[in-house]
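Peer 1: So the chains spell out like this:
Protein chains: 2
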Amino acid sequence: MGKKQAKTAITPTRSEDYPEWYQQVVKASDLAEPSPVRGCMVIKPWGYAIWENIMRDMDAMFKETGVRNAYFPLFIPLNYLEKEAEHVEGFATECAVVTHHRLEKGAHGGLVPAGELGEPLVVRPTSETIIGESFSKWVSSYRDLPILINQWANVVRWEMRTRIFLRTSEFLWQEGHTAHATAAEAIERTAQMLDVYARFVEEFLAIPVIKGRKTARERFPGAVDTQCIEAMMQDRKALQAGTSHFLGQNFAKASGIKFQSAKEQEEFAWTTSWGTSTRMIGGLIMTHSDDDGLVLPPRIASSHVVLIPIVRKEKDRESVMDYVNRLAVDLKGQNYHGRPVQVEIDDRDIGGGKSWDWIKKGIPVRAEIGPRDIAEDSVFVGRRDKSHRDKAGIKRDEFVASIGTVLDDIQQALFDRALAYQQAHTLEINDNRAFYDFFTAANTDKPEIHGGFALAHWCGRDECEERIKEDLKVTIRCIPFEKMGSDTGGSCICCGEPSEERVVFAKSY
Amino acid sequence: MGKKQAKTAITPTRSEDYPEWYQQVVKASDLAEPSPVRGCMVIKPWGYAIWENIMRDMDAMFKETGVRNAYFPLFIPLNYLEKEAEHVEGFATECAVVTHHRLEKGAHGGLVPAGELGEPLVVRPTSETIIGESFSKWVSSYRDLPILINQWANVVRWEMRTRIFLRTSEFLWQEGHTAHATAAEAIERTAQMLDVYARFVEEFLAIPVIKGRKTARERFPGAVDTQCIEAMMQDRKALQAGTSHFLGQNFAKASGIKFQSAKEQEEFAWTTSWGTSTRMIGGLIMTHSDDDGLVLPPRIASSHVVLIPIVRKEKDRESVMDYVNRLAVDLKGQNYHGRPVQVEIDDRDIGGGKSWDWIKKGIPVRAEIGPRDIAEDSVFVGRRDKSHRDKAGIKRDEFVASIGTVLDDIQQALFDRALAYQQAHTLEINDNRAFYDFFTAANTDKPEIHGGFALAHWCGRDECEERIKEDLKVTIRCIPFEKMGSDTGGSCICCGEPSEERVVFAKSY
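Chains as they are written, first to last, in our numbering: chain B, 1 to 509; chain Z, 510 to 1018.
Hints are computed from structural coordinates only; laboratory data are not their basis. Hints are supplied without guarantee of correctness; some may be wrong.
Claimed, not checked - Derived DSS-like pairs: lysine-lysine, alpha-carbon spacing no greater than 27 Å straight-line:
1. B/Lys315 / Z/Lys772
2. Z/Lys978 / Z/Lys720
3. Z/Lys869 / Z/Lys895
4. Z/Lys592 / B/Lys105
5. Z/Lys572 / Z/Lys646
6. B/Lys354 / Z/Lys772
7. Z/Lys822 / B/Lys263
8. Z/Lys863 / Z/Lys516
9. B/Lys63 / Z/Lys572
10. Z/Lys824 / B/Lys354
11. B/Lys137 / Z/Lys536
12. Z/Lys982 / Z/Lys720
13. B/Lys27 / Z/Lys767
14. B/Lys258 / Z/Lys863
15. B/Lys360 / B/Lys395
16. B/Lys263 / Z/Lys863
17. Z/Lys720 / B/Lys83
18. B/Lys211 / B/Lys395
19. B/Lys332 / B/Lys395
20. Z/Lys904 / Z/Lys824
21. Z/Lys863 / Z/Lys895
22. B/Lys63 / Z/Lys869
23. Z/Lys863 / B/Lys63
24. B/Lys360 / Z/Lys646
25. Z/Lys646 / B/Lys354
26. Z/Lys536 / B/Lys63
27. B/Lys354 / Z/Lys767
Claimed, not checked - Computed footprint of chain Z on chain B, listed as stretches where at least three residues anywhere in the stretch have a Cβ under 8 Å from a Cβ of chain Z:
28. 80-93
29. 99-106
30. 152-165
31. 401-408
It should be emphasised that the depicted structure is a prediction, and the values quoted were computed from it without experimental measurement. For each residue, glycine too, the CB sits at the ideal point set by N, CA and C.
Throw the hints in and build the complete structure from the sequences for me.
Peer 2: Structure below.
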């Protein structure tokens, strides 16, 4: 092994080349891989298990708020998409379009599309218009409201530049859609679901977020208000981890979602929509992973513990495997947040390197067990949130009894570390020059590091927002709900006009 | 209300017009509805809950056999589909084809497809070819085998004649794909997964099935052997509820899934695939439902019990609702096969008709609770497997304590009834004339009833199979694994040549 590889399991390191480090972590951890279809990914079992855990836990949170799941068509007739003008404008440039419904032998012998459709079908980029059509049939009286629906599905947005998990042409997501009798109720639901997202992302993914609202320019196409949660990655760029939209009556008017009010008047409903996607897995990777590979928070990890039998002599194999199998049974008997602890046994006969494979895959706890450990009835344990050299022997029964606590410790340690990082790189900036320096490579020897979150005053005008975006590729990530910064007023970081509050500026994914 | 409606909740009845009865049951039970997209359905919450239960329970059975979930692209490049000749032949006539990746303003102002793709993409009708591509990268040594993968996904087959749940252009399914080092191991896996399907469909959906193998003509395109489970609907037609395919080395050769054997020889892998879909929900409806609507087996029901408060005087409302809410808490505290009993409270203020709504929705147990019941600390209970008139008062605590047993009773009663029906309409037929009579309306006054399952001898020749299909629209559903019928030999029902075993003939969905 070369000298460089001996230092870290992932090459390059974060500070050497952050984007390439990300790709290498995804590869080394066996989460996913590119597919032969442009911009689409294959989510491998170790990665899909994270998505299964996300679906299970987030779905339970949705259902607690009264939401139920349903399923709507993959295809949207073109004329439905056109019903809301801003909406279709926002998605027209990235739609996969189905135009034919069979294949037949072409002039050169190969198959060519045939059976042209009367009206082209768009593969859903999002489902407001097709779900709105159903809602319009389901609602006639105020007694039918609210309607609280969620869908777990795949969507397609034909992105020009793709990056695995973060921006793919096809991705998996959930999209919630609700309809209400009053604006107030819809606005409350918008905030409620953003709260669910923030709670989920912080408690399960261990990613601290800032809750706020998007500026008019950054809103979802067709929305009256877009609320979001923003997280800081280790290159100090922002990642939008979830959005919740108050759609006013825009989509209700486009789809004809009308109801008879208690006063017997015909009114349009008020709707919301809200979504999160496999993009969260990208955020998870970039928040916690290190130069040795993936680091998985236990609450959402594909598995919790790997047992690595150490068999150097064939005569030991049976007794070691017996011991390991019994240990696995006892660990699985322990509960972690209401479910059995998940245990892997790595019985591959490949000599060394097994432990490193699991470090790269980010499993929270590793335990090596050889004949000497068994003699002492102990196991040799390493935690993924600590250095790979930081391993210790622990009595077997103590290991079993404490596993839940250890997993909780790791979860908390990851959140604390991410929060400290976010706070260390969130700065109040009042001076235009300092602001530009913060976001340009000139002021740092690490070209891949992008300043961080700048809390700066903004006058509220599109022009200033646009200017900063053009100059620096920096956008307003959100106008935070909870006031950030020390003052109650100041002057716009761009034009110097008066401003009442600070907003969060950052480069972003 | 007219006299006719007073008799049954669904019009027409099964014997009046079976296909129309089916549509009306789907509608009245609120399971699903047609969508504006040709041949695609909207699965509503009451229907999607069944699919969620199917996914949860079937997924657990898969995982017990070592299968793990993953996710592969929705789109398949045309040249991948073409890799296996029989396969592409089988699906070419029903492929949705994506040809463009954006929309732009056309000559008449409306949007038209733009950005033509270099190579058209097919929306997956099944994923052997795209998953095979991944497998070819994952496998290099015999140590990498077996690979045991499943995917829960949507697929599209552009069907000309669609029927909700039974045959839709888009449907939800799971497709398992495995690769093995030996033919024997792949054949064993094919049978193992068919067993999982048979067990699931019988134990959870309460649908008795016959396991067997398809004739060569009815095989999956590209398969060496297709095994299936066949169920009898109440119109005596067969429904194929799941299939498991041994693919030999056909797809391994097409996709280049090669490995170094233990003897260091390069070999092609042996693969299998197996699938079930939302079609099972169609089978569920047609097996158990009656002229009053849907009947749901408890193990898979959207919910188990509905509590219907009876409030005739406003002064009683609070005490009745208190009683009902406390009862709901106690019921939810009961376990049914490892999960809490699911309870609905119908507190709609709509006067009568609430009970009928739940009968039509098929919920296993209904309990009405009014002031008089409360005075006696009892509830008035009806079971969906019995007549709607068959209701009885039962002490509240006894109701709570016995709910699990009652649900198990219902589950068993539904299975027993379906099995008795299947057996009553499965006949050994030896005479060609009797066979033709069995499948033609001439011999019955119920034109919608289609004979049943005919156990008849078949010589094994395509011509005879084809002749019967042309004459009667009757196909060989399967060559049963367990010998059916009383003899060990006979003569072909079509040509009279010698035959060694009886096969199952039926009309089918």
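Peer 1: Next step is simple, just say for each hint if it's right about the structure.
Peer 2: Against the structure, the hints:
Of the supplied pair hints, the one linking lysine 315 of chain B and lysine 772 of chain Z holds, its CA atoms being roughly 25 Å apart against a limit of 27 Å. Restraint check for lysine 978 of chain Z and lysine 720 of chain Z: the C-alpha separation of about 21 Å stays at or below 27 Å, so the hint holds. With a C-alpha separation of about 13 Å, the suggested pair lysine 869 of chain Z and lysine 895 of chain Z falls inside the 27 Å cut-off, and the hint holds. Distance hint between lysine 592 of chain Z and lysine 105 of chain B is fulfilled; the C-alpha atoms sit about 15 Å from each other, no more than 27 Å.
Annotation: proposed proximity of lysine 572 of chain Z to lysine 646 of chain Z holds, straight-line Cα distance about 23 Å (limit 27 Å). Distance check on the hinted pair: lysine 354 of chain B and lysine 772 of chain Z sit about 25 Å apart at the alpha-carbon level, within 27 Å; holds. At roughly 24 Å between alpha-carbon atoms, lysine 822 of chain Z and lysine 263 of chain B fall within 27 Å of each other, so this suggested pair holds. Restraint check: the Cα-Cα separation between lysine 863 of chain Z and lysine 516 of chain Z comes to about 17 Å, which is no more than 27 Å; the hinted pair holds.
Restraint check for lysine 63 of chain B and lysine 572 of chain Z: satisfied, since their Cα atoms lie roughly 25 Å apart, inside the 27 Å limit. About 71 Å separates the Cα atoms of lysine 824 of chain Z and lysine 354 of chain B, which puts this hinted pair outside 27 Å; it is violated. With a CA separation close to 13 Å, the supplied pair lysine 137 of chain B and lysine 536 of chain Z stays within the 27 Å bound. Between lysine 982 of chain Z and lysine 720 of chain Z, the direct Cα distance comes to roughly 21 Å. Compliance with the 27 Å bound is thereby established for this hinted pair.
Straight-line distance between C-alpha atoms of lysine 27 of chain B and lysine 767 of chain Z comes to about 22 Å, which keeps the hinted pair within the 27 Å bound. About 25 Å separates the Cα atoms of lysine 258 of chain B and lysine 863 of chain Z, which keeps this hinted pair within 27 Å; it holds. Straight-line distance between C-alpha atoms of lysine 360 of chain B and lysine 395 of chain B comes to about 26 Å, which keeps the hinted pair within the 27 Å bound. Of the pairs offered as hints, the one joining lysine 263 of chain B and lysine 863 of chain Z holds, with about 25 Å between alpha carbons and a cut-off of 27 Å not exceeded.
With a C-alpha separation of about 50 Å, the suggested pairing of lysine 720 of chain Z with lysine 83 of chain B is violated against the 27 Å cut-off. Taking the CA atoms of lysine 211 of chain B and lysine 395 of chain B, the gap is about 44 Å. The hint is violated against a cut of 27 Å. A threshold of 27 Å between alpha carbons decides the hint, and for lysine 332 of chain B with lysine 395 of chain B the separation of about 17 Å falls inside it, so the pair holds. Distance restraint check for lysine 904 of chain Z and lysine 824 of chain Z: the Cα-Cα separation of roughly 24 Å lies within the 27 Å cut-off, and the hinted pair is therefore satisfied.
With a C-alpha separation of about 18 Å, the suggested pair lysine 863 of chain Z and lysine 895 of chain Z falls inside the 27 Å cut-off, and the hint holds. Among the hinted pairs, lysine 63 of chain B with lysine 869 of chain Z is consistent with the structure: their alpha-carbon atoms are about 24 Å apart, no more than 27 Å. Straight-line distance between C-alpha atoms of lysine 863 of chain Z and lysine 63 of chain B comes to about 24 Å, which keeps the hinted pair within the 27 Å bound. The straight-line distance between the Cα atoms of lysine 360 of chain B and lysine 646 of chain Z is roughly 20 Å, inside the 27 Å bound, and the hint therefore holds.
Our distance criterion of 27 Å between C-alpha atoms is met by lysine 646 of chain Z and lysine 354 of chain B, whose separation comes to about 21 Å. As the CA atoms of lysine 536 of chain Z and lysine 63 of chain B are separated by approximately 24 Å, the hinted pair is consistent with the 27 Å bound. The straight-line distance between the Cα atoms of lysine 354 of chain B and lysine 767 of chain Z is roughly 25 Å, inside the 27 Å bound, and the hint therefore holds. With 6 residues carrying a beta carbon less than 8 Å from a beta carbon of chain Z, the segment 80-93 of chain B meets the three-residue requirement, and the given coverage holds.
Only residues whose C-beta sits within less than 8 Å of a C-beta in chain Z count toward coverage, and the segment 99-106 of chain B has 6 of them, enough to reach three; the restraint holds. Taking a C-beta to C-beta cut-off of 8 Å, the segment 152-165 of chain B contributes 4 residues in contact with chain Z, enough for the three needed, and the coverage statement holds. Counting residues of the segment 401-408 of chain B whose beta-carbon sits less than 8 Å from any beta-carbon of chain Z gives 0, not enough to reach three: the coverage restraint is violated.
When held up to the earlier numbered hints, the structure conflicts with 10, 17, 18, 31 and fits the remainder.
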